[in-house]
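Participant: Residues per chain, in single letters:
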Amino acid sequence: MDQPPPVPGVELELPAALTAEIDEIVGRYPQKRSAAVMVLHALQDHLGYLTPDAMEWTAARLELQPIHIYELVTFYPMFRQRPVGNLHLKVCRTLSCALAGSHQLHAHLCRKLGLDPHGHGPQTTEDGRVTVEFVECLATCGTGPVVLANDVFHEHVTPGTADELLKQAGVSK
Amino acid sequence: MAEEHRLITKQFREAGYTPDLDCYLRHGGYDTLRRALRVTPEQLRNEVGVSGLRGRGGAGFSCGLKWSLVDRRSGKPIYLVCNADESEPGTFKDRQIIHLDPHQLIEGMILACYANDVHLAFIYIRGEFAEGARILNLALTEARAKGFLGKGILGGTYDLDIHVHRGAGAYICGEETGLLESLEGKRPYPRVKPPYYPAVLGLYQCPTIVNNVETLCAVKHVLAMGGTEYAKLGRPNNTGTRLVCLSGHVQQPGYFEIEVGAVTFRDLIFDPAFGGGLREDRTLKAIIPGGASAKVFRADEKVTLGGPGLEGAGPKRKVDVLDLPYDFTTLTAAGSMSGSGGIIVLDDSTDIVAALANLSEFFAHESCGQCTPCREGSLWMAKILRRLGSGQGRAGDADQLLHIADNIPGGRTICAFGEACSWPVQSFVGKFKAEFETKEAGV
Amino acid sequence: MSSTTPSQTTAADTLTVRVNGREVVVPRTMPEAVSGKAVPTTMIQACEAAGVTVPHYCYHPKLPVAGNCRMCLVEFGTPALGPDRQPLLNPDGSPVIRQSPRPAIACATPVSPGMEIYTDTDGVHAMRRAVMEFLLINHPLDCPICDQAGECKLQEYALDHGQAASGFDEVKVHKPKTVDLGPRILLDAERCILCSRCIRFTRDIARDDALGIINRGSYNTIAAYPGRQFDNNYTLNTADLCPVGALTSKDFRFRMRVWFLKESKSLCAGCGTGCNLLVGSRENRIHRFTPRQNDAVNSCWMCDEGRLNYRWVGRGDRLKSPLNRRSGATEWGTVLDETADLLRNASRGSVAVIGSARATCEELFLLKKLCQHLGARSDCVPREGEADGLLVSDDRNPNSHGARLTGVCFTEIGINLPYLANDIEAGKIRTLLVLGEDLTKPELELPTDLLGRLENLIVGDILPNPTVDQAHIVLPGCAHLEKRGTFINVNGRVQRFFKAVEPPGQAMPETGWLGGLLERLTGEAPARSAEALFNQLAEATPALKGLTWAALGDQGVTVEV
Chain A
-10 MDQPPPVPGV ELELPAALTA EIDEIVGRYP QKRSAAVMVL HALQDHLGYL
40 TPDAMEWTAA RLELQPIHIY ELVTFYPMFR QRPVGNLHLK VCRTLSCALA
90 GSHQLHAHLC RKLGLDPHGH GPQTTEDGRV TVEFVECLAT CGTGPVVLAN
140 DVFHEHVTPG TADELLKQAG VSK
Chain B
166 MAEEHRLITK QFREAGYTPD LDCYLRHGGY DTLRRALRVT PEQLRNEVGV
216 SGLRGRGGAG FSCGLKWSLV DRRSGKPIYL VCNADESEPG TFKDRQIIHL
266 DPHQLIEGMI LACYANDVHL AFIYIRGEFA EGARILNLAL TEARAKGFLG
316 KGILGGTYDL DIHVHRGAGA YICGEETGLL ESLEGKRPYP RVKPPYYPAV
366 LGLYQCPTIV NNVETLCAVK HVLAMGGTEY AKLGRPNNTG TRLVCLSGHV
416 QQPGYFEIEV GAVTFRDLIF DPAFGGGLRE DRTLKAIIPG GASAKVFRAD
466 EKVTLGGPGL EGAGPKRKVD VLDLPYDFTT LTAAGSMSGS GGIIVLDDST
516 DIVAALANLS EFFAHESCGQ CTPCREGSLW MAKILRRLGS GQGRAGDADQ
566 LLHIADNIPG GRTICAFGEA CSWPVQSFVG KFKAEFETKE AGV
Chain C
72 MSSTTPSQTT AADTLTVRVN GREVVVPRTM PEAVSGKAVP TTMIQACEAA
122 GVTVPHYCYH PKLPVAGNCR MCLVEFGTPA LGPDRQPLLN PDGSPVIRQS
172 PRPAIACATP VSPGMEIYTD TDGVHAMRRA VMEFLLINHP LDCPICDQAG
222 ECKLQEYALD HGQAASGFDE VKVHKPKTVD LGPRILLDAE RCILCSRCIR
272 FTRDIARDDA LGIINRGSYN TIAAYPGRQF DNNYTLNTAD LCPVGALTSK
322 DFRFRMRVWF LKESKSLCAG CGTGCNLLVG SRENRIHRFT PRQNDAVNSC
372 WMCDEGRLNY RWVGRGDRLK SPLNRRSGAT EWGTVLDETA DLLRNASRGS
422 VAVIGSARAT CEELFLLKKL CQHLGARSDC VPREGEADGL LVSDDRNPNS
472 HGARLTGVCF TEIGINLPYL ANDIEAGKIR TLLVLGEDLT KPELELPTDL
522 LGRLENLIVG DILPNPTVDQ AHIVLPGCAH LEKRGTFINV NGRVQRFFKA
572 VEPPGQAMPE TGWLGGLLER LTGEAPARSA EALFNQLAEA TPALKGLTWA
622 ALGDQGVTVE V
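Residue numbers (this note's numbering), protein chains in the order written: chain A, -10 to 162; chain B, 166 to 608; chain C, 72 to 632.
Next comes chain A alone, as it looks inside the complex (with noise of 0.2 angstroms):
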């Protein structure tokens, strides 16, 4: 019996440099698969989160099958199947953070953004416009309670940083 052929026919609308951005990521390595992670990043980074048709485009892109892809969406947590705020903040949860404060500063965030407090994974605001998100230690430890406001790390961050990250942003007054 033969593979069956990887899904046929995925359109994806994707701009031209994001298509020639893959092309190049994919030419990295001796084994396409090897690529996948890094093409989901770039997909839920043009997309803001993965769909099933990413997920099958990039199965379909790397020779694979889709549930090799499903595989490794499930599996990292930077991988979501669902959208999230324009701005995402990832609070860290582990010891060193927690000494310093990052679980309060969890909940004054949650509190002040009509959150769940002890919600653990990420949490959207009604808007849409901020995600909340406690995570593992983001090796920042001497320095926390830490923040990774989308990719940019906010060191020593306190209730009240945050809600200048908030006003910052936008997000409160």
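Hints in this document: simulated from the structure, not taken from any laboratory.
Pairs of lysine to aspartate or glutamate residues, derived as EDC-like cross-links and limited to a Cα-Cα distance of at most 16 angstroms, are as follows:
#, chain 1, residue 1, chain 2, residue 2
1, C, Lys391, C, Asp540
2, B, Lys351, A, Glu52
3, C, Lys512, C, Asp540
4, A, Lys21, B, Glu349
5, B, Lys351, C, Asp280
6, B, Lys450, B, Asp512
7, A, Lys101, A, Glu122
8, C, Lys333, C, Glu573
9, C, Lys512, C, Glu455
Position chains B and C against the provided structure of chain A, taking the given hints into account.
Facilitator: For chains B and C alone, kept in the frame of chain A given last:
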């Protein structure tokens, strides 16, 4: 008077130092590479062997030995992967190097690659370090443009390219075979060893070297100063300098570069050159000496060192934990490890049960779930600790935790995560049992 | 590498290890399960050679090693070497054994010369007990409603290696239940122990990489990609492979407790491969087929199509009674008398026989005798399909070689059919005996009114069909599951099968009525038993020379065909 000994961090901690290639070149960057390319790879490997350099990622495995195990007769390409998946709680050194001095890492990698006849290498950087990945990509582009990378490096015959590969949030990718699986685009399930030793059956089933960021930077310094000179730093079998990360309840958390074994915990925590002491009116309660997975020390613990069969021998003696020199063998002999160099200091305000609950939550979240004891045990321990921490303790919880933690490590799991998730439980519960038993009453 | 071999007398391609103190010699390498490549012999293989079973879940001899369940952890030691790399010896000359401080998984760890493996120590028992406890904490423990109960490795090992009580007092992890993985397989993810056998099977054996593990850690779950069906022709093997009740066959689910099943050794008759199987039946009703290991034929597998091809055996419209439509006789004695008369009176050359390559060698043997006695020409009906490169053969008849070797048909099965049809149309053939074939099937491309031209149509079959409908005489026979016999597969494997259930009504094995006809025609009663008939056939057939029913054993014998 304890002080830092800066090799790796020397330049980038100077005022005005920038991560660009020009700055690196002004500081003598890539000179070591120029010189190294004139000697044979075997000579370079020999220097690293002589240096006694031990891996800075966590296991402290001899770098020279790791390189010597590489199967060079397989006819297959040899790969090198830089492990920049820095994820061990309490450890925050690799990101500093990447952000502040990417070319030092790249030069170290090129040297290690040349020494091992590697023509394609990867930097596996944790997904959250998106900025770090950008910085590295920029630096790699600069290095390619100047002929430090690519075809015919520096006009010679040696070819090498390096690519940055991002993870997506998984501690287990720091385990070298989990990392390789991840780099192959699979779930990062650590491989069964035997037979899948990276030196023989690594990336794409080819011989592969996986070295930590700091280790590769150290390689640069080993080759710059010579293995013999490097080995004069530190102590026998604990040579060179290493980065120690201090976090938790100290006045001055941060990373420090020390001569291995030249400073003690007392220096690191209390000396103004390092941690600068505890917060006011606080006393020391515990020290996690080498990242979250290292067994905790009680501040008042006396450790037995020496005696037959123990590494770092000498006469049998009792040593105050604070007087332990920070090196690989002493901490192993003391029943813990220096691991990734991440020291978390806990003062007497710490709820020890909550601290362990926090760590166990981390390990339960990060277990890949491939093999039974870790998959089931890590979450089980976290659940008990959640209860204990929220006033729902039950009689016997502490013993139950020990029972679980005793059934995970010691080679029962595929990788060392089994140890990583159970050592904290064994040591916290074992050394602070009364605090756990108090919570059993449901307070 | 070989220079450190202890001074034992070991041949170059074998080595000696001790399992629980008992010496055993094993090959240095064994073929890898899927690739067949020579790989170092593992501890679990050495233990098996020593007759010691090491409990395991994820390990399966026919699948690549995964090493994830940790049930096969053992303790071991290796000969200690001195500084000169020579083995250290005890005062009595035996090698000093250095005990490994860490256990090893027997499934993945290669043996080395002089290694000592311990499977029965307190340490090993403690490790097994711990693995059992871990596997059960999040398991639903729903054995009373689980199909796997009775053949569940969790149950068996819990009894052998587990403990009665568990300290687990938390909320269990909940996962999807009754997940429709595909048309024939259901998943209960809570029962799953994530051994990954199903994934490896479908990836490496069925070559349909359809399953994976999603999520992480304790929440890991076997899954197919959402919206994708787990639907290849081998999916049901995963239900066999599943050591627990996580993957179940929709066909068998909730049908019967396995301990009530009688197991009979049989073969699949769906194609020329002849997969070995076990028929699970109770009170004369077949409930399932499961593959029976035969490395010369089907390894441990069978296709879904063949596995599910049993329901018809119990159909209500089975032919149950012999019938002479002209005389109205419905008694075997009378019908056979009348049939024999009819054949006896037929003029020489006017009788033809169309047999079936689905008939057993013994039936074909008797059929050939009948042909010879009557001077009848004969052939069988070809059945062709597409081979799948795995188990399904392009020859969909289970016994084509049997049909050839007995001489009922020629090298190319069916080559005679057009000539026979011509002679029927030409009125030369006026009496036709058909055994187990429907000649009206369009793919045979025989003239539609062919059978109507016959004076006498004698049909032995098991289910009604248009040929049976037109027959003057109907002789009800047995499914191969209702009798004993042999088939010869496409590769010349001669294999026997046994009766699993009784035939309905008066239906009788074809050797019975064929023998009855021969006795009436020749005055000589042929042997009745499948054993005796096979032995006679073997005696009479050069390709089968020297074979006996007994010598076939349960795995069969390959002959030159």
